[in-house]
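4 protein chains.
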Amino acid sequence: MYTAKVIGATGYGGIGIIELLLRHPEVKLQTLVAKESAGTTLSSLYPHLLGFCDMPVVDPDSEAAQEPADIVFFSTPDRVGMYGARAELERGAKVIDYSGDFRANTVEDYAEYARRIGKDPVHASPDLLPESVYGAAELHRADLTPARRLVGNPGCFAISCILGLAPAAAAKAFRANSVICDCKSGISGAGKKTAAAHHYPNRYDMMNAYRLSGHQHVCEIERELGKLAGAPVTVTFTAQVVPVCRGIMSCLYADLLEPKTEEQMLEIYRDFYKDSPFIRVFPSTASIGSMHVRGTNYANLVVSVDPRTNRLRVVSYIDNLMKGQAGSACQAMNLILGLPETMALDHPGFYP
Amino acid sequence: MYTAKVIGATGYGGIGIIELLLRHPEVKLQTLVAKESAGTTLSSLYPHLLGFCDMPVVDPDSEAAQEPADIVFFSTPDRVGMYGARAELERGAKVIDYSGDFRANTVEDYAEYARRIGKDPVHASPDLLPESVYGAAELHRADLTPARRLVGNPGCFAISCILGLAPAAAAKAFRANSVICDCKSGISGAGKKTAAAHHYPNRYDMMNAYRLSGHQHVCEIERELGKLAGAPVTVTFTAQVVPVCRGIMSCLYADLLEPKTEEQMLEIYRDFYKDSPFIRVFPSTASIGSMHVRGTNYANLVVSVDPRTNRLRVVSYIDNLMKGQAGSACQAMNLILGLPETMALDHPGFYP
Amino acid sequence: MYTAKVIGATGYGGIGIIELLLRHPEVKLQTLVAKESAGTTLSSLYPHLLGFCDMPVVDPDSEAAQEPADIVFFSTPDRVGMYGARAELERGAKVIDYSGDFRANTVEDYAEYARRIGKDPVHASPDLLPESVYGAAELHRADLTPARRLVGNPGCFAISCILGLAPAAAAKAFRANSVICDCKSGISGAGKKTAAAHHYPNRYDMMNAYRLSGHQHVCEIERELGKLAGAPVTVTFTAQVVPVCRGIMSCLYADLLEPKTEEQMLEIYRDFYKDSPFIRVFPSTASIGSMHVRGTNYANLVVSVDPRTNRLRVVSYIDNLMKGQAGSACQAMNLILGLPETMALDHPGFYP
Amino acid sequence: MYTAKVIGATGYGGIGIIELLLRHPEVKLQTLVAKESAGTTLSSLYPHLLGFCDMPVVDPDSEAAQEPADIVFFSTPDRVGMYGARAELERGAKVIDYSGDFRANTVEDYAEYARRIGKDPVHASPDLLPESVYGAAELHRADLTPARRLVGNPGCFAISCILGLAPAAAAKAFRANSVICDCKSGISGAGKKTAAAHHYPNRYDMMNAYRLSGHQHVCEIERELGKLAGAPVTVTFTAQVVPVCRGIMSCLYADLLEPKTEEQMLEIYRDFYKDSPFIRVFPSTASIGSMHVRGTNYANLVVSVDPRTNRLRVVSYIDNLMKGQAGSACQAMNLILGLPETMALDHPGFYP
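These protein sequence lines are chains Z, B, V and C, in that order. Residues are numbered in this note's numbering as their position in the first sequence, beginning at 1, plus a constant of 193. Residues are numbered in this note's numbering as their position in the second sequence, beginning at 1, plus a constant of 193. Residues are numbered in this note's numbering as their position in the third sequence, beginning at 1, plus a constant of 193. Residues are numbered in this note's numbering as their position in the fourth sequence, beginning at 1, plus a constant of 193.
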């Protein structure tokens, strides 16, 4: 039985991994850490966990928070994990960080990302960057082995786009600067922090695009697709919010270099993901939507080609809090602990 | 390993028990029956179950539908189970019926119920009525034994009211004709059948009361509370719909015969439910709502007393599709199969 | 043409009266005052008003904020209007206050209210209390004349309950301590201030009761009904929130002293409101809900009697931001300015 | 005072124009026609109109339905107006049809459209096609004169895309086959007819793309943009539904032929729409969303350029039932009746 520590336990990302670990047969919650609400029990903050997780939340500076664990999740904002990871690694833990701190392997890539979010571009632990792996199990399964001790969990929008275009990129099927990612997220993606834009009356019948000048997830999308394509990929990205709680629907467009039919593209996708248990590939006729992945680690990909313009279009559906966050983190954890990839994740959500 | 058959497998009630049985260690889905959609797989209708339940749905008149099972759920409208239960019982099955067909033990009680829903008041299998047990495990645990083979699953509104008032009734604490049940349901309570009233644009910013002339669930509320109180109880009941998907919030009022404090009432409630793992009792200061029971079999009861009027007020929260339907059915099934009461049910929902 | 000043212009209550005055043929917006956002235009905060109301918002302490107006709305929290009203009255304005500051006529009544909301029970302008009128036009039309210069706008829950029970109270039809008000509000009732409870992910599939220990609106309900009944009325009140934006649905219960039929009660109600243009009375068979009053000043009352318990039940629907706030304020303003009661208010909302 | 007849009065499109005409100072509702519900009053179907529009709904085949009117709206499905328009024109009416029947001017264009929706490609009144004008007032104001008697009202998705790209097309700014229209609609766009996909429980937390093989609105988008660009334009179009009631958010992408800054594009847009009172143009930094046009005839256009890919991106927000349907119809009516373009339309919605 492995022990787990969750830092940032009281946010939606923390709750997500806690819910998963509560059903995990090989990993056991040991320490819950959060700045706010330290001293209370988790279930007093999240009453759906009454009787399931009544552990106390401890302050990051408390002694209890320093207790070594086998696996440590930093479900924290940018520039927290980069300061805290080293101590955990030195205590022998493996670390999975949810923020952008460890998604890049070079200080240059980190700096580009940091600038997009208006943060200090200097990484606090540059020596750790090279050993981190980007936690998209479908692309980096070979690197997510028990030898690995540091993972940068993908961004929610990013993983939906990367999974949706990876097979085409790997097949070098599209023009490198033709990629458009039109992404709509549910509101839980913004976390539990209140904001006027997510106040129910301002949001219930409201859809809007935001941060049009450039979303930080573009960095990792371009990097991952570029690696697969063997050439730089440039993406136009539009982040949007719609009044659902959970879910991302990303419409992904790219101009095909050579005419392909939908059937041909489907074959490319199915082959690429043949060993990926959480990817489902559908033809354009499928009646599929975000509710069908809600509460799960699945990505549903609907693949189509517009024959008139020879343009690939993939609609990628994920649960932003699962495949987009805690689910991917659990999947990566399983792999670096040497456990079956699907452990604690192979269950459907509930409907409706 | 027991085998299960679900008749009416493609409605929300059917899906609910299927989702539960997919995680049940001792019961295995064997046959899915439905009139509509026979011939397709369940997962083509409910794509969240792809890879989890790809079994075919068979027609009620098909040979496959007659295959004996250990436990049979009739997740069907009124007056279906009363015709089909006998054959299943004769094949050796235990039967749990979701409708009003087997909630009463006498033809008179059934007739009263049937009149309220505008149906034929003559029961088709009157000889079976005496052996049926009303499937509220918290009240009838002693009768839900392996010797039992027929259960009438409670109505969703009814169980929320009965659980909310049972301890006070058993304590003979309130005036018999002073009970008011003000009940609000999420829309999934109306099932998967489309209706103008549940068309998204007509419903999204809409709350309304309906069927003010008398809701059929009143029958079982009055009967169950009357039994506990040892005297007839008369209830004013108001059914309402609000734009949530899952959840019932019932505000229950009754005039106390003798002054009681909230603390005294809490003690009565806690004592009454001390062996009921799915009941949580809270004081009036609790911050609890319908989302905290969503996807689970729990009933959260907030108990308070208005000292100015000496009136008991209980706010009862359940998930209408779980404690209000499939969860209660699974709980009753566990008991009549001799399995632990909480099997497949002791998990939290996800949040948010 | 009268001039209007709105203090607290940037909250939902301020926007409500601004939207109404923009279409008012006899009253013109002159000054918009708010502490936050002073210096910007209203339409930059509320872009739906671009081109309709691009006036600047001025600080309460600025000179511009002191400009005399014919009518001044204090759309402000408790204990603001009681300090500011005098200066406006002295400048010759009529004043309508949205808070609880001027709903009572005595310091004792105010003190009781203030204690319920945890505020200083000492009123800052006790000499003004006797001349204020409670702005429920349907009950106090005779006092809302051009001679009147101070109005306390009713609370949203309160007005829904008072309108729903006033005819029965006036007819002395019910037992004085048997009244139960089970009230559900949309979230806009909590105003524009963000709060965890109204953060979209925490609210979208959530219903809950709150402040069970006693809601402050009880004071004015008991006072107004008591006056009509000619005897003290004691109310059990349950405030609830459900995920709609606009709307209050109050289910009101009271034990009838003498048996009455629904038809008799309907007659009492229709007669009582025969000169009230914004009240619609319906029998129990009506298919009516909160969406049918959304965006309007109407109160829809569904009247029924439970003959088994001889209990009156009225379901009262209003738009909490209109009849529950800005609409009532506009209606009262019309009356004290000597304008037709329905001016700027006699329009339907849009559907769906 | 002109008289109006609405055919298809009981759908959302009919209600939309009725709500507008109720406040129109120069046009008066005279006849409401609908197949379903004939014989009842409109306000019994739409209780928010009680006291505002209690007119009876008459059957299309009744004598009352033949009464001549000055303006007739066919708020009817495809292939109704093409049969009924002639009789109305002969009675001296002007006709505005909501469907695709009169959006094209040639039988060939109609046939292409009809094929996309699986209808008979032969138009029933081909002689009327040449005289119809596509009712996008912003593009065809010069043709919408009192001499005009037949208008084909634009499709809701189509008008959002056309308005969003027209200035760039007219400026010949983009590559003709590079246009992508990624469009999200509220559910009211599907009309009042119930459907499983719009059943509240199936929709509340659900977003999905649909009809990926080709949406019929592509025809009019390509035709209108092609006319402006002076060359054929080919569009990849993705229709999506998200759980809002009213609103369309279309993200429109096109590769610029020559580098342009956002400021340059804004100038082109502002200039193009300088005489269009219902178009608002915003820079990429604007905080604008679908709620800000809800209930109104405005189109809010957010214009940006991705400088890395030299790609134009416009986010176009409309209310699908107003600018996307009844609002555009009213605007066109005003013009062909010789009335001010903004009559009955120059009001804001309510918020929130």
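Be a bit skeptical, because a hint or two may be false.
[Stated by the list, open to error] In silico DSSO-like pairs for lysine-lysine, Cα to Cα no more than 30 Å straight-line: (1) B:Lys221 with B:Lys453; (2) Z:Lys386 with V:Lys312; (3) V:Lys386 with Z:Lys386; (4) Z:Lys228 with V:Lys386; (5) Z:Lys221 with B:Lys221.
[Claimed, not checked] From chain B, some residues computed to sit far from chain V (all C-beta separations above 12 Å): (6) Ser230; (7) Cys246; (8) Gln259; (9) Val273; (10) Asp302; (11) Thr338; (12) Ala389; (13) Asn395; (14) Tyr397; (15) Asp398; (16) Ala402; (17) Ala422; (18) Pro436; (19) Asp448; (20) Val495; (21) Leu530.
[Stated by the list, open to error] Which stretches of chain C does chain V cover? Using the computed rule of at least three CB atoms under 8 Å from a CB of chain V, they are: (22) 230 to 242; (23) 344 to 357; (24) 456 to 462; (25) 481 to 490.
Calculated directly from the structure, the hints in this document are not laboratory data. From a predicted model like this one, the values you see are computed outputs, not experimental measurements. Quick reminder that beta carbons are idealized off the backbone N, C-alpha and C, glycines included.
Hint numbers not upheld by this structure, sorted from lowest to highest: Result: hints 1, 12, 13, 14, 15, 16, 18, 19, 20, 23 and 24 break, sorted rising.
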